[in-house]
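We have chain A; now place chain B onto it with these hints.
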Amino acid sequence: MTASPNEAVEARELTRRFGSFTAVDHITFDVHVGEVFGFLGANGAGKTTAIRILTGLLSPTSGTARVAGHDVYTESEWIKRRIGYMSQKFSLYEDLTVAENIRLYGGIYDLSRDTIRERMASMLERLGLAHAARTQVRALPLGWRQKLAFSVALLHEPSIVFLDEPTSGVDPITRRQFWELIYESAARGTTVFVTTHYMDEAEYCDRISIMVAGRIEALGTPAELKQQFGVATIDELFVRLARPTAGAAG
Amino acid sequence: MSAFAGLLRKEWLHILRDRRTLLVVIFMPILQVVLFGYAIRTDVSAIRLAIVDPSPDASTIELRSRFGATDAFRIVSVLPNAGTLDRLFASGAVQEAVVFDADFANRLARGLPARILIVADASEPNSGSAMESYALGVIQGYERDIAVKGGAVRIIPEARMRFNPTRASSNLFVPGLIAFVLTIISALMTAISLTREKETGTMEILLVSPLRPIQIIVGKVLAYLVIGFVSVLLVVAEARLIFAVPLRGSLLLLLAEGVLFILTSLSLGILISSRTSSQRVAMIGALAGTMLPTILLSGFIFPIESMPWPLRFISNIVPAKWFVLIARGIMLKGVGLEYLWPQTLILFAMTIVLVAAATRSFRVRLA
Chain A
1 MTASPNEAVE ARELTRRFGS FTAVDHITFD VHVGEVFGFL GANGAGKTTA
51 IRILTGLLSP TSGTARVAGH DVYTESEWIK RRIGYMSQKF SLYEDLTVAE
101 NIRLYGGIYD LSRDTIRERM ASMLERLGLA HAARTQVRAL PLGWRQKLAF
151 SVALLHEPSI VFLDEPTSGV DPITRRQFWE LIYESAARGT TVFVTTHYMD
201 EAEYCDRISI MVAGRIEALG TPAELKQQFG VATIDELFVR LARPTAGAAG
Chain B
1 MSAFAGLLRK EWLHILRDRR TLLVVIFMPI LQVVLFGYAI RTDVSAIRLA
51 IVDPSPDAST IELRSRFGAT DAFRIVSVLP NAGTLDRLFA SGAVQEAVVF
101 DADFANRLAR GLPARILIVA DASEPNSGSA MESYALGVIQ GYERDIAVKG
151 GAVRIIPEAR MRFNPTRASS NLFVPGLIAF VLTIISALMT AISLTREKET
201 GTMEILLVSP LRPIQIIVGK VLAYLVIGFV SVLLVVAEAR LIFAVPLRGS
251 LLLLLAEGVL FILTSLSLGI LISSRTSSQR VAMIGALAGT MLPTILLSGF
301 IFPIESMPWP LRFISNIVPA KWFVLIARGI MLKGVGLEYL WPQTLILFAM
351 TIVLVAAATR SFRVRLA
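The listed protein sequences correspond, in order, to chains A and B. Residue 1 is where the first sequence starts when you use my numbering, and the numbers rise one by one after that. Residue 1 is where the second sequence starts when you use my numbering, and the numbers rise one by one after that.
Do not take every clue at face value.
Stated by the list, open to error - A few chain A residues facing chain B, derived, Cβ under 10 angstroms:
hint : residue
1    : 75
2    : 79
3    : 89
4    : 152
5    : 153
6    : 162
Claimed, not checked - Simulated restraints, written as ranges between beta carbons of each label pair:
hint : chain 1 : residue 1 : chain 2 : residue 2 : range
7    : A       : 13        : B       : 280       : 37 to 43 angstroms
8    : B       : 5         : A       : 19        : 37 to 43 angstroms
9    : B       : 348       : A       : 184       : 54 to 60 angstroms
None of these hints come from the bench; they were simulated from the model. Just so you know, even glycine gets a beta-carbon here, dropped at the ideal spot from N, CA and C.
Chain A with its partners taken away, still in its complex shape (with noise of 0.2 angstroms):
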């Protein structure tokens, strides 16, 4: 068990099978402490898999992988208590208020009762919602409570927090605003992991990877990647990858 792994995820050719089907195709790669990682990937290549792999949600069929410098076999306790995670879905319950919902949260990761307040007042004044706590969260808008659910996702804060497509069905402006809060994380520390489907947010990103049918087929900062490919966007390496016969005319 190392105390302050040198890498926030370590994976090494870790894999998982259904049945016959390679969801995860032997990846290998590793994301920084402290860096945004954008783990990129059309629908079905994988990249959901491999976040519940990471996560503890699913165990993998062979290779290895450490998170936080723990063994996702043998330690999914451990990396538990380090990581956080905001669903592709909402993830705040909608029929409780906005304190009730920071409370329950704190209170699974055994924070005390003072720090969940103190750190209830300090997000709530960070996110200006500290009007409301009482409100139940069905009644924000959307991209408040997106904010609200990233931050709730900080609450214990983990070494690294892990967002599946955090932005989908949001407006831009609130993307954006939302983008900020990444790297106000960052900025503190966190290392942040996380898909998307906006190849625009990928340029916003440290590293990226891109998963294509299970595999990962490039891995880098966005401008050694465009660099690499000799592609002006990220949108167009992206294209290019799921569709290789397209690119190969080029």
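Chain B only, in chain A's frame:
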């Protein structure tokens, strides 16, 4: 605040905030007792009776007056022959007819077997057989009285209604109703509430948290266990107060068996939710998988003895059947575990299997 206490609190908030569902859960059992007690009763009274008496005589008149004397019958017509009976039945003016043979009195006086034909409208089979047996009861009473007075000695067939001598159907439906209500609250509500968390994505959040799966499940079902328990108390109390349904055995045993049955239904609910991902599918699954068998195959409304053998066979795997047997034993016969241990054991074994299966299905990480 400990993680588990937080979960319990959250579950209560969900239930309390969902006013409509809460109202349904509280009032449905209360309403159902009234419905089943008054509207859907299967005992019949004031049966519209026709009597066909071709040759009136002291003995037939005596019998006629006996029919007229009971609340069960209302004599609507006395006919000299059976010619118009068909029409009366068809129009519904008559529900049952008692037809004396032309030489009825004659043969009776000579000690020969005398014949009476009983015709009942059996378009509704349950009330049909009920009407038939009422009529037989009146005739047998008459036979018995002649025998006592020193008339011809006959073998009188005896069909006593044990445990429910007044044939009050409310006595029979309450144990079944308890099973029904518990199935809805435990299986249906649990399945819906678990799939709701899947649908909204909060389940994943709970699963990636340090909470253990067993804590998530127990936190979820404990609230429904309490509600189920309260419903049993409500139904039993209401049945006693309004319909004076007896509770001859131990209340404690009934409640303990109730908790056992709640656990069975809860694990069924968890199982259903583990196979479904939307609330709608979970609801249909719970309806088809637990409520229909509880209504149709538990002996709650339809007697299992009168089903064809494949259905009788299937009824054995319906947990509600065993609970209904147990609850009837305790409430109506006043027996305890000394008679009910086989049924209890079967229900217990079912619960163990279902809890094991439910827990297994929930350990998603091993999938």
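Structure-based check of all given hints:
For the restraint placing residue 75/A at the interface with chain B, the shortest Cβ-Cβ distance is roughly 12 angstroms, beyond the 10 angstroms limit, so the hint is violated. With a least beta-carbon distance of about 9 angstroms to chain B, the hint placing residue 79/A at the interface is held under the 10 angstroms criterion. The beta carbon of residue 89/A comes within 3 angstroms of a beta carbon in chain B, closer than 10 angstroms, and the hint placing it at the interface holds. Proximity of residue 152/A to chain B holds as hinted, the smallest CB-CB distance being about 9 angstroms (cut-off 10 angstroms).
For residue 153/A, the shortest C-beta to C-beta distance to chain B is roughly 8 angstroms, which falls under 10 angstroms, so the interface hint holds. The interface hint given for residue 162/A holds, since its Cβ lies 8 angstroms from the closest Cβ of chain B, which is under the 10 angstroms cut-off. At roughly 41 angstroms, the beta-carbon separation of residue 13/A and residue 280/B lies within the given 37 to 43 angstroms, and the hint holds. For residue 5/B and residue 19/A, the Cβ-Cβ distance of about 41 angstroms falls inside the hinted range of 37 to 43 angstroms, so the restraint holds.
For residue 348/B and residue 184/A, the hinted distance range of 54 to 60 angstroms is satisfied, since their beta carbons lie about 56 angstroms from each other.
Checked against the numbered hints listed earlier, the structure breaks hint 1 alone; every other hint is satisfied.
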